[in-house]
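Undergrad: Sequence:
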Amino acid sequence: MSDQVIFNWEKLLSSKRRSKDEEKEITDIWSCDRTEIERDYDRIVFSAPTRRLANKTQVFPMEEHDSIRTRLTHSNEVSNLARGAGVTLCCNGFFKNSNIDRDRLIRDIPALLATIGIVHDMGNPPFGHQGEKAIQDWFSNHLEKNENKNNFQDFLNFDGNAQTLRLVTSLHSADGHFGMDLTTATLSAMVKYPVFNAEKHGFSKGGVFISEKKIFEEVWKKTGLREGIRHPLCYILEICDDIAYATIDAEDTIKKGYASYSDLKNWLKEELGDNDFFNEIYDKILEAVGKFKHRHEKDITSEVQKEVSVEIFRSITINKLLACATDCFAEDFYSEKHKLWFSRGEGIPYEICKNFKYKKEIKALKNFTKNYGFNNTSVLKLELQGRNRIHELMDHVWLGIKNTDEELKTDNHYEKYILSKISVNYLREFKRKHKTAIKPEDKLYAKYQLLTDYISGMTESYLERTYSEILPLYQSFIK
1293 MSDQVIFNWE
1303 KLLSSKRRSK
1313 DEEKEITDIW
1323 SCDRTEIERD
1333 YDRIVFSAPT
1343 RRLANKTQVF
1353 PMEEHDSIRT
1363 RLTHSNEVSN
1373 LARGAGVTLC
1383 CNGFFKNSNI
1393 DRDRLIRDIP
1403 ALLATIGIVH
1413 DMGNPPFGHQ
1423 GEKAIQDWFS
1433 NHLEKNENKN
1443 NFQDFLNFDG
1453 NAQTLRLVTS
1463 LHSADGHFGM
1473 DLTTATLSAM
1483 VKYPVFNAEK
1493 HGFSKGGVFI
1503 SEKKIFEEVW
1513 KKTGLREGIR
1523 HPLCYILEIC
1533 DDIAYATIDA
1543 EDTIKKGYAS
1553 YSDLKNWLKE
1563 ELGDNDFFNE
1573 IYDKILEAVG
1583 KFKHRHEKDI
1593 TSEVQKEVSV
1603 EIFRSITINK
1613 LLACATDCFA
1623 EDFYSEKHKL
1633 WFSRGEGIPY
1643 EICKNFKYKK
1653 EIKALKNFTK
1663 NYGFNNTSVL
1673 KLELQGRNRI
1683 HELMDHVWLG
1693 IKNTDEELKT
1703 DNHYEKYILS
1713 KISVNYLREF
1723 KRKHKTAIKP
1733 EDKLYAKYQL
1743 LTDYISGMTE
1753 SYLERTYSEI
1763 LPLYQSFIK
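Residues are numbered in the numbering used here as their position in the sequence shown, beginning at 1, plus a constant of 1292.
Think of the hints as simulated: they come from the structure by calculation, not from any bench. The model shown is predicted, which means the values in this text are computed figures rather than measured ones. Any given hint might turn out to be false.
Unchecked claim - Below 25 Å or equal to it, Euclidean Cα-Cα: the simulated BS3-like pairs (lysine-lysine) are:
1) K1662 x K1701
2) K1308 x K1506
3) K1561 x K1441
4) K1547 x K1673
5) K1723 x K1701
6) K1701 x K1673
7) K1727 x K1739
8) K1497 x K1425
9) K1441 x K1651
10) K1739 x K1441
11) K1557 x K1655
12) K1713 x K1739
13) K1497 x K1739
14) K1662 x K1649
15) K1598 x K1694
16) K1441 x K1303
17) K1701 x K1506
18) K1505 x K1655
Given only the sequences and the hints, what does the whole structure look like? Please build it.
TA: What follows is the structure, encoded as structure tokens:
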């Protein structure tokens, strides 16, 4: 059994940055200055990786429908839900024993949750989870038989969460080697899977690459955590992401025309029977639609009525789920039984929230999206095309970088061309890591990571353009 960690909110909200040893002076909450955690949010919002999320898949790849969500809109919505949950926690007594000024809490807690909400999917490759799987499969097929696969688990199990941490700590850097140089509070709260080896701690996956091991060992030390122990506020992020996924993706499935509002109601009835949670929502929808008709003095079309009904369904469902989940988290966090689960790293959302009443409702909504959305033939076709594109492009790019050294010097025109396409930030980090690597497998690790940095950072439209541009050059080069 793991040793227990005593959570210290002063440390968990640390304003230290990796570039500076000293704690930043706490901003007067009544001043016009931003707090350090508020600065973190601004750094992320104005960053290029955040902007690129606008052209990455949430559910439906290469979506041309303007109202369908991308990774960016999903991230904004999760951020919004998390910020609201943070306000609730500041006002419902959750921090009453923290010895931190309430006025400071009301600025830093919502800001911290909004920050980790907006950044949580930043490292996802194009085509979402199918993109992750494509990268994993490429390495599974391309690692040499004589290579020790234990040295390359970061690639065989490539994960967008770990790539997010790499982006903000190592890759996105205007100066020095500190990435965005976020506070240790933000960095520790971002880590959904705080382990290097998933099997060691029982997590479903590893959430930090070995390349960032030293960074996060230091971050956890400064925030009073250790490997295997999540920052408490990360559970709120998980709750908000789960609720957004369950409700909003169902709404998009209907907006795409893959299912109707009637399909949703029938699905929920079949899965849950006569359900009080959704019956109450249906009653409120009828009332709201009636008021909507009255305001417009004449009957609205059935199409508009269905669209309004779906939007109201999403809004009320989110409000009810989030309010219940936040209250359950606050209650269970300080209960004697569940306090140990959190402090030993054993807790996961909803299993900890023993009083959370709506687990089956969330599962039913997810199953609806999976059945009507993810499994739609056109979606599966686009995902397969995206997977194939990633595989082929990785072949093309790998040919251009596999023979390079830390100086990135080559007389080969194809290799020069490929290297010219890669971000200078990624190349700088590669040169630094490759130069200090002693073992051959460490040098190979650096090359593999340059490949995944480049591919995972692409938007879907950029990937398509790059593929079309490189393909004829690749074909002529290998002749």
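Undergrad: Output the numbers, in ascending order, of every earlier hint that fails for this structure.
TA: 1, 3, 6, 9, 15, 16, 17, 18
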